[in-house]
Amino acid sequence: MELSGAPVHAGEGRGRLLVLERPLSFWGGVDPETGRVSDPRHPQYGVSLGGRILVMERAIGSSSSSAIMLELLRNDVAPAAIVLGSTDAILVLGVLVAEELGYASIPLIDVGSDGFERIRDGNGGHGHVRAGAREAILRVSMS
Amino acid sequence: MTTLDAMHAVTATPESTPTLSGDERAVLEGERGPAPQLAMRVVVRMARILGARELVPVASAHIDGCLYHGDGGVEFAERLVSLGGKVGVPTTLNVGALDLLNPRRVRSAGHRREMALRQMRAYEALGCRPTWTCAPYQAGHRPAGGQDVAWGESNAVVFANSVLGARTNRYGDFMDICCALAGRAPRTGLHLEENRRATVVVDTRAINPALKERDVFYPVLGTWLGATVDERVAVVTGLPETATEDQLKAMGAASASSGAVGLFHVEGVTPEAPDLAAALGGKMPEAILTPRARELRRVRDALSTTGTFEIDAVALGSPHFSRDEFSLLEALLPREPFRIPFYVCTGRAEYERLETSGRLRRFEEVGVEIVADTCVVVAPILPARGSVLMTNSGKFAHYTPATTGYDVVYGSLEDCVRSAATGRVIRDEGLWN
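Which chain is which? The protein sequence lines are A and B, in order. Position in the first sequence (from 1) plus 106 gives the number in the working numbering. Position in the second sequence (from 1) plus 9 gives the number in the working numbering.
With the rest of the complex left out, here is chain B (with noise of 0.2 Å):
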């Protein structure tokens, strides 16, 4: 920005903001055709609508808005594709509506199975690469620190700016998609420095050091984070060291699941809180919280909505499985086929890994059922007749009964295995108590 720009927007009128470049404007009066011309509209009237004084060159865009909500959502790609929209940055697509590797894994048809594919048709039109995934960052796009970026999808947001340092707003469905083809958004919120500080603590030094080992922990963490801390920027403390990136990734999808946690630090383990002091910004945090275990307790028994023993399928991989939390698996695969149907989630480029590397038949030898391109909380893949999902994400443990109708039981990673192997529930207490 220019002083004479600067000037300029202190200056303006509400309906004259954001000042925009004479790159932008030409943009916007339709110079360089019609679709970044309505992009560039939808973005200016929400930068206006979030009080923005200008936009900020986007490095990259992740879309959300391919997943098939009804008729509008295709209406619009295609609007987009009819005015001969293309990306303007590098520009991945999250989840659609089906498993286009594996046709007949979701239970759709007719009209709703020909929008959903027509709607994962026309981003692809629109010059986006086909990840198909929700964990994009772990296929490949993975922003540099600092970078700004443009993501949709709640969980991906958050590990692009916790985990990664790269700096983007949560775009919904439309923004982000605005934003690739405009390759600008409103410079606000999580691009600016002054709002990625941590204003509240959360201290975690009085949690069993044992737990804080288990994966089984983070998602529980992330539920208790984002219904505690919400939008506020929160730095954990006395996480360890080897916090891994898959026990991040699964803290920041039950946060951003729980409530709107767009960005979290953690002291000594995320690119932005080398220490305490740093993650602050060296300002005193507004509130510093300590979890208790009995509280964390609550939260973890909060995330199962039935006491049974009787489950019907169990599901993994929301965010999507990743490689390393493939091997965990393998690693704890039983010898006999498993009693009830057995879902693993993830990106096609993880699925076709395992397919190159011949590890794939292991898992089918057992009858783990490995979904790619969607999940079973997005579109109909969980048994018709069925009514409990066993999980350990905390993010389907959160969406499973609404988007469903399955009730859920919440475990480990080894509980969902031994209780997929025996049919029934069974779950190690021990570190909860």
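The following block holds chain A by itself, in its conformation from the complex (with noise of 0.2 Å):
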């Protein structure tokens, strides 16, 4: 399957889909040591999102989940692409401030609401992502 979507930050990642059940906040959501899913109160708490493409409907919650973002990109525990329902500016500001300093980058698109119903069964597929300055493409194989 093939989605197309608007560019948020550029780049190149590859890894198995996660698709987050419920949206998380990052913070308070996601341990910024382990990049695993901390709340408990979250249907998928304990999985690790790092490697993983993290598609999800939207970001909730705290805007400190910018901050989370950039130490999940430092601990090397961050996904390898991050794929929104809706464009979130809270954790690409995570992403952006982690160039600035040297550390590693991920792209992120925004595939809309009706991209993200196509894949929200997708939980596991092998994921290819591509964000370029203007067009953005998730590729997913069910294996």
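No wet-lab data here; the hints were simulated from the structure. Keep in mind that a hint or two might mislead.
Partial pick of chain A residues on the chain B-facing surface, computed with a CB cut under 10 Å [as the list claims (entries may be wrong)]: (1) 107; (2) 135; (3) 169.
Covered stretches of chain A (in silico footprint by chain B; criterion: 3 or more residues with CB under 8 Å from a CB of chain B, positions within the stretch not fixed) [what the hints assert, rightly or not]: (4) 115-124; (5) 173-179; (6) 189-201.
All values derive from a computational prediction rather than experimental measurement. Virtual Cβ for every residue (Gly too), placed ideally from N, Cα, C.
Combine both chains into one complex, guided by the hints.
Written out as structure tokens, the structure is:
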């Protein structure tokens, strides 16, 4: 399956899809050292975001989530890419600052709510995100 | 914006947006030094991502990025310091990860403590005022209605927009300090008049008026609001005109915890809602919602994660306790000391006022532990061996389980005081039935 979207931040990333069953606040919801979901009320509590293509309908919660994003990149436990159902200005900020500090970077793309609906059952599939200045694409192969 | 600029903006390619003034371009090109340049680069890149066509000058900033989450945040702040950065507008600081007035309050040692302190000092070195509070609006930082500002910390953002009528988006860690250094923010979102109009009406007229007089109602309504309207701007009708600033503060904080609320209006109470029509900008609402008592009761119940009667501590003050809230608490204090640890989080300005006025002793006599500069969900303060916290804060109730491992019991201020006096949960259920 192929989904096109709008690039939020350019780059390329590969990994297995992790589709969040419910929105998640990175602050208070993701451990910055391990990259695991740390909110016990989240249905995917304990799951590691590291190296995954993280698919989320939208980001929610604290505006400190950008700081957690930065730490995930610094600690090498960040997702390989983030695919959003609506553009988020908080997580990408952590990625921009990571670039300013010379850390690794990851792409973020916005596939819209329709796009999200199309991949919401894609958990575990292999994903490949490519985001340029104007176009972004997510390829998913289920295997 | 001049007419020429406006025309340019319309024909600009995405890569060239936002349209920058000569001054802004000079900053971006490094003519004012490397720190403003880095900050402006981040602001402009974010403006592009957000689709802003231009930047807006900001009158002040409130920085949430001074709280330690890891070494990357320290590195970024120290990078700005080493580049000679100084904020260009009056700027206050949100909580840090340490209580600087009482170093033993937070159980933090070694690397973590050192880095948390370095981060706080770096933001001071950037010229920010060391207010260390999540309620800067009750510590003298009150922008005027209509003023554009760049604030971080979700509760402060929703308060600035809703209660003060100032204009800010929810600026995340790093964006806040970049806006403060650049003196600019992307002109988008809640900086724009048209995005500040309510599109949803929340009608609370059917709710028991006696309940709406009580503080305990507001975090519940806020939690419901955040979970229901999320980013949409709501106007709430049917709240008493006597709704206090602290009630609105508690409601906003809860709404920004359960959802992405950046602005709400309260008819007849908040500055952009003298009446319903004004709040709606003369348009029809997209939705009219009428939360029922039963629904709110469920929301209130869900703020607690346990039904136990055994509690290990009480914590108040998220957002940071105000002068009025201290007065309410003082009037309720028991004669005998509390049987369990009782924390009240506040800003140092409020703490110092209590100290100077001699009122501090009254609180300390019964065992109230006043936490300044930080709070119990962002730093290890709660007893290491405990497992259940009681609070009157919707925001604490929301974040405590994930950040401290504690279960939560939600109750009113009165419930919290009575429960701490006996060591067992006592809650007034009357108004909720």
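Legend entry - Interface hint status, residue 107 (chain A) versus chain B (Cβ within 10 Å): 26 Å, violated
Inset, instruction - Closer than 8 Å, Cβ to Cβ, for at least three residues: run that test on the stretch 173-179 of chain A against chain B and report holds or violated. - result: n = 5 at 8 Å, threshold three: holds.
Legend entry - Within 8 Å of chain B's CB atoms, at least three CB atoms from the stretch 115-124 of chain A: coverage verdict: Violated - the stretch 115-124 of chain A has 1 residues with a Cβ nearer than 8 Å to chain B, which falls short of three.
Legend entry - Coverage assertion for the stretch 189-201 of chain A with respect to chain B, Cβ distance below 8 Å, three residues required: With 6 residues close enough to chain B, the hint holds.
Legend entry - Restraint satisfaction for residue 135 (chain A) [CB to CB of chain B, less than 10 Å]: 6 Å, holds
Legend entry - residue 169 (chain A) as chain B interface residue, shortest Cβ-Cβ below 10 Å: Holds. Min distance 4 Å.
Violated hints, listed in ascending order, are 1, 4; each of the other numbered hints is respected by the structure.
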